[in-house]
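**Student:** These protein sequence lines map, in sequence, to chains S and L. In this text, residue positions in the first sequence follow the working numbering: the first is 3, and each later residue adds one. In this text, residue positions in the second sequence follow the working numbering: the first is 3, and each later residue adds one.
Treat the hints as calculated values from the structure; they're not laboratory data. Errors might be hidden in some of the hints.
All copies of an identical chain are treated as equivalent in the list; a pair is satisfied when it fits inside any one copy or across any two copies.
To be verified - Simulated crosslink set (EDC-like; lysine to aspartate or glutamate; CA at most 16 Å straight-line): (1) K140 x E271; (2) K205 x D153; (3) K93 x D7; (4) K145 x E271; (5) K145 x D201; (6) K289 x E305; (7) K145 x D255; (8) K17 x E359; (9) K145 x E182; (10) K198 x D371.
Note that the coordinates shown come from a computational prediction; the quantities given were computed from them, not determined experimentally.
2 protein chains.
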Amino acid sequence: MQLTDLNTPALILDKSILDRNIALLAQRLEKYDCILRPHLKTCKSADIARRINPDLSMPVTVSTLHEAEYFLENGITDILYAVSIVPGKLKQVKHLQDKGAYMILLLDTVEAATLASTSALQLDAEFPCLVEVDCDGKRAGLKPEAPELIDVAKALTQLPGVQMKGVMTHCGGSYYCQGEEEMVVIAEQERTAITKAADRIQKAGFECPVVSMGSTPTVTFARSLDGVTEVRAGVYVFQDMVMQALGVCKTSDIALSVLSTVISHNSSENRILIDAGSLALSADPGKVNPNGDPHFGLVCHAEDCKPFDNLWVTSSNQEHGLISLTNTPYTPSDFPIGSQVRILPNHACITAAAYAEYQVVDGSDEITDRWQRCNRWG
Amino acid sequence: MQLTDLNTPALILDKSILDRNIALLAQRLEKYDCILRPHLKTCKSADIARRINPDLSMPVTVSTLHEAEYFLENGITDILYAVSIVPGKLKQVKHLQDKGAYMILLLDTVEAATLASTSALQLDAEFPCLVEVDCDGKRAGLKPEAPELIDVAKALTQLPGVQMKGVMTHCGGSYYCQGEEEMVVIAEQERTAITKAADRIQKAGFECPVVSMGSTPTVTFARSLDGVTEVRAGVYVFQDMVMQALGVCKTSDIALSVLSTVISHNSSENRILIDAGSLALSADPGKVNPNGDPHFGLVCHAEDCKPFDNLWVTSSNQEHGLISLTNTPYTPSDFPIGSQVRILPNHACITAAAYAEYQVVDGSDEITDRWQRCNRWG
Numbered sequence: 003m004q005l006t007d008l009n010t011p012a013l014i015l016d017k018s019i020l021d022r023n024i025a026l027l028a029q030r031l032e033k034y035d036c037i038l039r040p041h042l043k044t045c046k047s048a049d050i051a052r053r054i055n056p057d058l059s060m061p062v063t064v065s066t067l068h069e070a071e072y073f074l075e076n077g078i079t080d081i082l083y084a085v086s087i088v089p090g091k092l093k094q095v096k097h098l099q100d101k102g103a104y105m106i107l108l109l110d111t112v113e114a115a116t117l118a119s120t121s122a123l124q125l126d127a128e129f130p131c132l133v134e135v136d137c138d139g140k141r142a143g144l145k146p147e148a149p150e151l152i153d154v155a156k157a158l159t160q161l162p163g164v165q166m167k168g169v170m171t172h173c174g175g176s177y178y179c180q181g182e183e184e185m186v187v188i189a190e191q192e193r194t195a196i197t198k199a200a201d202r203i204q205k206a207g208f209e210c211p212v213v214s215m216g217s218t219p220t221v222t223f224a225r226s227l228d229g230v231t232e233v234r235a236g237v238y239v240f241q242d243m244v245m246q247a248l249g250v251c252k253t254s255d256i257a258l259s260v261l262s263t264v265i266s267h268n269s270s271e272n273r274i275l276i277d278a279g280s281l282a283l284s285a286d287p288g289k290v291n292p293n294g295d296p297h298f299g300l301v302c303h304a305e306d307c308k309p310f311d312n313l314w315v316t317s318s319n320q321e322h323g324l325i326s327l328t329n330t331p332y333t334p335s336d337f338p339i340g341s342q343v344r345i346l347p348n349h350a351c352i353t354a355a356a357y358a359e360y361q362v363v364d365g366s367d368e369i370t371d372r373w374q375r376c377n378r379w380g
Numbered sequence: 003m004q005l006t007d008l009n010t011p012a013l014i015l016d017k018s019i020l021d022r023n024i025a026l027l028a029q030r031l032e033k034y035d036c037i038l039r040p041h042l043k044t045c046k047s048a049d050i051a052r053r054i055n056p057d058l059s060m061p062v063t064v065s066t067l068h069e070a071e072y073f074l075e076n077g078i079t080d081i082l083y084a085v086s087i088v089p090g091k092l093k094q095v096k097h098l099q100d101k102g103a104y105m106i107l108l109l110d111t112v113e114a115a116t117l118a119s120t121s122a123l124q125l126d127a128e129f130p131c132l133v134e135v136d137c138d139g140k141r142a143g144l145k146p147e148a149p150e151l152i153d154v155a156k157a158l159t160q161l162p163g164v165q166m167k168g169v170m171t172h173c174g175g176s177y178y179c180q181g182e183e184e185m186v187v188i189a190e191q192e193r194t195a196i197t198k199a200a201d202r203i204q205k206a207g208f209e210c211p212v213v214s215m216g217s218t219p220t221v222t223f224a225r226s227l228d229g230v231t232e233v234r235a236g237v238y239v240f241q242d243m244v245m246q247a248l249g250v251c252k253t254s255d256i257a258l259s260v261l262s263t264v265i266s267h268n269s270s271e272n273r274i275l276i277d278a279g280s281l282a283l284s285a286d287p288g289k290v291n292p293n294g295d296p297h298f299g300l301v302c303h304a305e306d307c308k309p310f311d312n313l314w315v316t317s318s319n320q321e322h323g324l325i326s327l328t329n330t331p332y333t334p335s336d337f338p339i340g341s342q343v344r345i346l347p348n349h350a351c352i353t354a355a356a357y358a359e360y361q362v363v364d365g366s367d368e369i370t371d372r373w374q375r376c377n378r379w380g
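For reference, chain S alone in the conformation it holds in the complex (with noise of 0.2 Å):
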């Protein structure tokens, strides 16, 4: 089976390219004594997570329980939910725990901790906390000076049924930075605000000993990680053009496209179309390209994924992509009707979700496996 056997849009990933990434983050991490805990929300798959873990004893992130039980299923136990929790999803995280999870959740506010407290005594439970810290203003969490925060920790330390365990910071601001200076920067912000988070729960009198922080920027680029006990990352399996517009990697370290066939060619406006639209290819519009110009993907060659010259995918619809050919080398007779491209998408973790499994190839347009995702939240 090849790339021109699929039924179009597929979701191809290359095993080479994912490999390479992983071995660098990890190659990256050596040198400090810190875990990582990989983000498994990107990928969604035990397949994937195998190429990090082959035998999957690893502490992992996820984002839904759905993926917590998919990935318990396969054999992952150390699983940390890192969406602020919620009562009502606490009999499910119990059901969890009674299969074999230790499943760690996340909060902010003394509200949630109590409410999490109640549960645990009415479900018979032990709910381990991380206290989610706000090291950008991007999100959720407390700020690292909020008095808050030890509110918090008391609670956590106090509260029946609940337990502190650390804290932990998203820095969602790294996507917004510029070039590896800029992040340097902003991942030593991130350890800062986590690290004296830490300091303040501790001094405070409470425990602390989980101090995790992470985004696929600032892991990458920290200069240090003192204090902190483990780093999470999700992208940067897979990259995409958002962290290639930030300088987290260049277009040839993206190991996700979507293979797409041409459909048409509008010579009056100078632009051909893709069977891949906002569906196959996400509306999350990402980053402008170095045109300055919005765009949902560049347009590479079906075969190898090289890109083409300036070529992207420049605006779409719910089962069209438009590529406008103006400032650019090409015609609509360079890529005939029936031909196949490939997509590098702006941002692979919302790109992904639209589809049931990954096409794998190993640096040809063989497909060597397929590989499936859990979608949606069970």
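Fit chain L to the known structure of chain S by using the hints.
**Tutor:** Relative to chain S, chain L alone:
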């Protein structure tokens, strides 16, 4: 089973509003001598198609061959696949024909017509085709005045294995209009374009029985459909915040919403967080809200889906939705952790694609049905 019993995020469909939207368009079209060929790419559900026509004896439009197969299995036989056809998909089309489908295909180049003819001979098939016409420069098709239009009609008429069945246009440009007046104008522009194309083809001596136009805004606001034999519309069954922003509907006409749980408060940034993010709502930015701000959906009360006052999903991560309370009358305590909200989505077609099924309600908070969707590409 009630809304509060559901795991979130979940896709909620209000059957009363759905039925009202369906009835309203049918009523608007009563005075015209043209048929409705609903575009089922929005709902991807036989249960919803049955609300349009209980015995499914209607012509339909689809955006994937997977939809075509699914609806055929449910008894719908007259199917327009409204994405330019390529040779690689014709074997699947032939398979659908063999199972009883009357498949109408779309193309807009002599190259595609020639390729379809060659495939038809190889497959021992006949492929009825429409020629796509470009009424607004926004997607595919030939301009009504293009010389190539006659070339394609001629090719479809004269080549073996293909049949010239008519012309089709889609006015994506209507999504850039504002208010009824502009939409009346663009609907007439669409009608003029497609009837001009049909006239030219007929005057050149070729048959052109089908004259098909459509988009929800233009079908809703057309003041004349003279010369048009069929109209297509998809999102009208649900409506969404893009349609509301254009002036096609009111928020109370939106049948689709995402049920979500409040998972955290972020007091320092004056926002709350919900468990519906880029995957649950889609990353489609839609239109700006009345404040001129981008958003990912309008926040409503869970029970009755009435909107809160000026409350929007202001940004999102994969599984986090962020709702700013700035410039609203609310404080975090109005949204207890664990409480539910419903979000009216920007683009219903894209949001719905993230879910395997609809949770159906009927004006109350009780789940009366579960309706499956046929997602992806088969």
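**Student:** Take the hints in turn and mark each one as holding or not.
**Tutor:** Going down the list of hints, with the structure as the test:
1. K140 x E271: between (40 Å within a copy, 9 Å between copies)
2. K205 x D153: within (13 Å within a copy, 81 Å between copies)
3. K93 x D7: between (45 Å within a copy, 12 Å between copies)
4. K145 x E271: between (51 Å within a copy, 10 Å between copies)
5. K145 x D201: Close inside one copy (13 Å), not across copies (68 Å); limit 16 Å.
6. K289 x E305: Intra 26 Å, inter 38 Å, cutoff 16 Å: neither.
7. K145 x D255: Answer is neither; intra-copy 35 Å and inter-copy 41 Å both fail.
8. K17 x E359: Cα proximity of K17 and E359: one copy only (14 Å, versus 33 Å across).
9. K145 x E182: neither (25 Å within a copy, 48 Å between copies)
10. K198 x D371: Neither: 46 Å inside a copy, 51 Å across copies.
Consistency with the previously given hints fails for numbers 6, 7, 9 and 10, ordered from lowest to highest.
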